[in-house]
Amino acid sequence: MTENSKTENDLNYIPAKVVLLYSLWGGAVAGFWSGLVISPPLIFLTVPAGIPIGFLPAFLCGCYLAWRRVYNDNPFYAALAGAISAILCAAPLDWLIHDKLTGDTAILTLLGAISAFTLAFFILPSPPEGV
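Residue numbers (our numbering): 9 to 139.
Some hints could be false.
Label pairs and their in silico Cβ distance ranges [unchecked claim]:
1) F129 x V45: 17 to 27 Å
2) N20 x W103: 17 to 27 Å
3) A99 x P60: 13 to 23 Å
4) P56 x P135: 18 to 28 Å
5) L101 x L53: 12 to 22 Å
6) W75 x F130: 11 to 21 Å
It should be emphasised that the hints constitute simulated quantities derived from the structure, not laboratory data. Keep in mind that this is a model prediction, so the values were computed, not measured. For every residue, glycine included, the Cβ atom is placed at its ideal position computed from N, Cα and C.
Between the sequences and the hints, there should be enough to build the whole structure, so can you do that?
Right, here's the structure in full:
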């Protein structure tokens, strides 16, 4: 595709921004939600702990959303991508540690979906007018 053939839709969507922001904020948002559910004073511990744990699933989710050029008008699609990327990362790790799948995989998958859903409103661009 040449520079002249790019539409306004292509110019407003910056895939690198989506991937970078999802990677940086995905684990932190999941840590925030888990701390909020467990005990609100623990948020100061769960947010920093969530960043390295959630980096890879959030990166995969951001890559997929940027590849599909998903906009913020469909946050449930982002939640599905977050759940799938979380289960792709959590299930093999859970299997290696416990030799079976435990509830940890389900909890991490839910946190990935909630995090991706939340970030869809703030990171994904608005859909172009008239589309």
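Hints, verified against the model:
The hinted window of 17 to 27 Å between F129 and V45 holds, with their beta carbons roughly 20 Å apart. Between N20 and W103 the C-beta distance comes to about 41 Å, which lies outside the given range of 17 to 27 Å. A beta carbon spacing of about 19 Å between A99 and P60 agrees with the range 13 to 23 Å that was offered as a hint. About 34 Å separates the C-beta atoms of P56 and P135, a value inconsistent with the hinted range of 18 to 28 Å.
Take L101 and L53: their Cβ atoms lie about 21 Å apart, and the range 12 to 22 Å holds. Remark: the range hint 11 to 21 Å for W75 to F130 is upheld by a beta-carbon distance near 20 Å.
Checked against the numbered hints given earlier, this structure breaks hints 2 and 4; the rest are met.
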